[in-house]
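Undergrad: Listed here are the chains, written in short residue letters.
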Amino acid sequence: MSSTPQSDDRRSRASSRADALPLSTPPLPVSTGPAVVFDSSDFVRRKSLRTQAPVDIRLLEYVPKCDSNLVCLICQCPFDIPTMLACDHVFCRECLDHAFRAQDHRSKRCPTCRTHVDPKKEPIPVPRILLSMLEDLMVKCPNTKAGCTWLNKRDGVQNHVDLYCGFSTVECPAGDCRFSVLQKDFHKGCLHYTVSCELCYTSIMKKDLEEHQRTVCAQRMIKCPHCEVEMLRLDLKVHIKDVCQFAPTACPGAIVGCGHTCDRRFVPAHAKTCSMATMAPFFQAQKTRLDDQEAAQKLLQRKVDILEGGFTNISNIVYPTNSSDDSSFPVTNPLDPNAAEPLPETPDFRLPPASFPPPAASTNNPPPPPFDISTHHLLSLHESLREEVGRIANDLASLEGRTHLLILNENQRAKEEMLHTSAAINSLRTQVHWLLSARLQQGRASASGGASASAGGSGSASVPAGSSLGSASLGPLRRLSDSTRQDTKL
Amino acid sequence: MAAARKRILKEYTECSNDTPPGMKINFDEQNMTEWEILMDGPEQSVYSGGHFKLRLTFPNEYPFKPPVVSFKTKIYHPNVSNDDKGSMCLGMLRPDAWKPPNKVISVLHLVRTLLIEPNVDDAIEASIASEFKDNKKGFEKTAKEWVKQYAK
Numbered sequence: 001m002s003s004t005p006q007s008d009d010r011r012s013r014a015s016s017r018a019d020a021l022p023l024s025t026p027p028l029p030v031s032t033g034p035a036v037v038f039d040s041s042d043f044v045r046r047k048s049l050r051t052q053a054p055v056d057i058r059l060l061e062y063v064p065k066c067d068s069n070l071v072c073l074i075c076q077c078p079f080d081i082p083t084m085l086a087c088d089h090v091f092c093r094e095c096l097d098h099a100f101r102a103q104d105h106r107s108k109r110c111p112t113c114r115t116h117v118d119p120k121k122e123p124i125p126v127p128r129i130l131l132s133m134l135e136d137l138m139v140k141c142p143n144t145k146a147g148c149t150w151l152n153k154r155d156g157v158q159n160h161v162d163l164y165c166g167f168s169t170v171e172c173p174a175g176d177c178r179f180s181v182l183q184k185d186f187h188k189g190c191l192h193y194t195v196s197c198e199l200c201y202t203s204i205m206k207k208d209l210e211e212h213q214r215t216v217c218a219q220r221m222i223k224c225p226h227c228e229v230e231m232l233r234l235d236l237k238v239h240i241k242d243v244c245q246f247a248p249t250a251c252p253g254a255i256v257g258c259g260h261t262c263d264r265r266f267v268p269a270h271a272k273t274c275s276m277a278t279m280a281p282f283f284q285a286q287k288t289r290l291d292d293q294e295a296a297q298k299l300l301q302r303k304v305d306i307l308e309g310g311f312t313n314i315s316n317i318v319y320p321t322n323s324s325d326d327s328s329f330p331v332t333n334p335l336d337p338n339a340a341e342p343l344p345e346t347p348d349f350r351l352p353p354a355s356f357p358p359p360a361a362s363t364n365n366p367p368p369p370p371f372d373i374s375t376h377h378l379l380s381l382h383e384s385l386r387e388e389v390g391r392i393a394n395d396l397a398s399l400e401g402r403t404h405l406l407i408l409n410e411n412q413r414a415k416e417e418m419l420h421t422s423a424a425i426n427s428l429r430t431q432v433h434w435l436l437s438a439r440l441q442q443g444r445a446s447a448s449g450g451a452s453a454s455a456g457g458s459g460s461a462s463v464p465a466g467s468s469l470g471s472a473s474l475g476p477l478r479r480l481s482d483s484t485r486q487d488t489k490l
Numbered sequence: 001m002a003a004a005r006k007r008i009l010k011e012y013t014e015c016s017n018d019t020p021p022g023m024k025i026n027f028d029e030q031n032m033t034e035w036e037i038l039m040d041g042p043e044q045s046v047y048s049g050g051h052f053k054l055r056l057t058f059p060n061e062y063p064f065k066p067p068v069v070s071f072k073t074k075i076y077h078p079n080v081s082n083d084d085k086g087s088m089c090l091g092m093l094r095p096d097a098w099k100p101p102n103k104v105i106s107v108l109h110l111v112r113t114l115l116i117e118p119n120v121d122d123a124i125e126a127s128i129a130s131e132f133k134d135n136k137k138g139f140e141k142t143a144k145e146w147v148k149q150y151a152k
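Respectively, the protein sequence lines represent chains A and B. Take the first sequence: its position 219, counting from 1, is numbered 219 in UniProt numbering, and each next residue is one higher. Take the second sequence: its position 57, counting from 1, is numbered 57 in UniProt numbering, and each next residue is one higher.
One or more hints might be untrue.
Said to hold, decoys possible - What the simulated footprint calls covered on chain B by chain A, stretch by stretch (three residues with Cβ under 8 Å from a Cβ of chain A suffice, anywhere in the stretch; the number is not a length):
| # | region |
| --- | --- |
| 1 | 4-13 |
| 2 | 53-64 |
| 3 | 95-102 |
These aren't lab readings, by the way, just hints derived from the structure by calculation. Here a beta-carbon is modelled for each residue, glycine too, at the ideal position from N, C-alpha and C.
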């Protein structure tokens, strides 16, 4: 839409403003006078083709900062095409459209006060004073970053960008080139071909070559801004930082607060008189030491945390009821001043760990408990617990040994006794055997003797004969010694 | 969209110039529709001593839709949902009550005020709200325990 840009653009913008306020708004000065267009005669007017989108004046940088009363409450930017509702609230037209789109279709309400909006009567005309105040706002050119220094009233910004700003991008004059160039380079023709820098051999586009040589190329000779010595750009940074005698350098005492800055050649003279420079190495050493200490302390703290965690676990295992039993023990930290009712710390020797605060809570309280003491306490308690467990283990071992021995002894005795008994039983059995066999033999012998006696016919003589017979029959069975013993007894 | 981004940027500048006490905003230029806010529990509340992490998300329709506030740190509070979202949705943060002219700074102030004085009549967690009304001691105890457990 930009073949004859200047008048077309202005007309379309003006007509869009007219659309914005369909009611009897007085014709805006911005859209009327052609004088606005031509007053910046120090710029060359463009004959090229614009490629940029229209300027969004809400995104411009305002100088000085815009009065907060001229700011749309929705986009927080100075009004663009201010639009007023019957409730006297003013918004940008676009913001209000957005807000209405987000609302229910039939009933539109003011985004600020929710008053019902009558689409037939609203928006109402904006006071002229507001429009002129907005016109007077000063803005920077949107191409400021590219190098444009334009600063003027904001309703001229579109014209400036469209027609005069050398830093607007336009289509390349070569018809078949797809790239765009800055307006100020338009007359140079198409610059979109690759060249290589004759110093550093980087290949770049022709249009960027100048910029490259001026500010980037490291192989280019430049002068030090302080001492006028020529050198490669490559070395300039190091030169200024460490070598250049004319570069402003801070006093070595800067780390402890000396604000003095002078040329490098005067620094030694200053350092002699500056007490802070004298102290600086000492402070530096202190600082490194402090850092080391802090690191070490952090490590220790972590160790203590781990130990404390382990200890809590142990005490939870050993005294599992403590943590849940809050009727007899204070669950809240007794050292915590914020606790609802600070319970008196009653010493309770039944369950020692409960009389300690839970270790996790003890670090962050305003009056921190003596850290060393509590840790020490915890550690000693841990140690004593461990000792006790060791002692009990030893006792158990010795008890087991003794019991084992006792059982072994008892067993031995019982075994021996059993052997004795079985031997006795054996001997008894042999005796019974002997007796039984003897009785059997005697029975047989008496039966045969009776038969012979009755055959002999003398009853009286049969008794001694019988007894002698009996003794004779016993004789070979009974041992000789027995009979002699009986004799001696008699 | 560009205007919305500019507004968010402006609001961030405003918030960082006048941050409510105990708050810190982590702002990422690459993703400016998500703010991470680190907040210390207000001194005069039961949450004092706690450090809470919040996320403030701006919807695409911002400022025509309200920003979404969610607690990333668990908190025992009648106006904060007790789930993994931790969302806070009341007062000006409700979609029907939100107005485009409202600002983030007032949202931050609202959050802080609610930690000091929960709004029981507009609670999202009814059980916590009734405990707050009937058994304030118990509520304070649980809230403090949660602070110790989650917000250290």
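Undergrad: Each hint: holds or not?
TA: For each hint, the structure was consulted:
Coverage of the region 4-13 of chain B by chain A holds in this model, with 5 residues showing a Cβ closer than 8 Å to a Cβ of that chain against a need of three. Here's how the region 53-64 of chain B fares: 3 of its residues keep a CB closer than 8 Å to some CB of chain A, so the rule of at least three is met and the hint holds. Check result for the region 95-102 of chain B against chain A: holds, 3 residues qualifying (beta carbon to beta carbon below 8 Å, three or more required).
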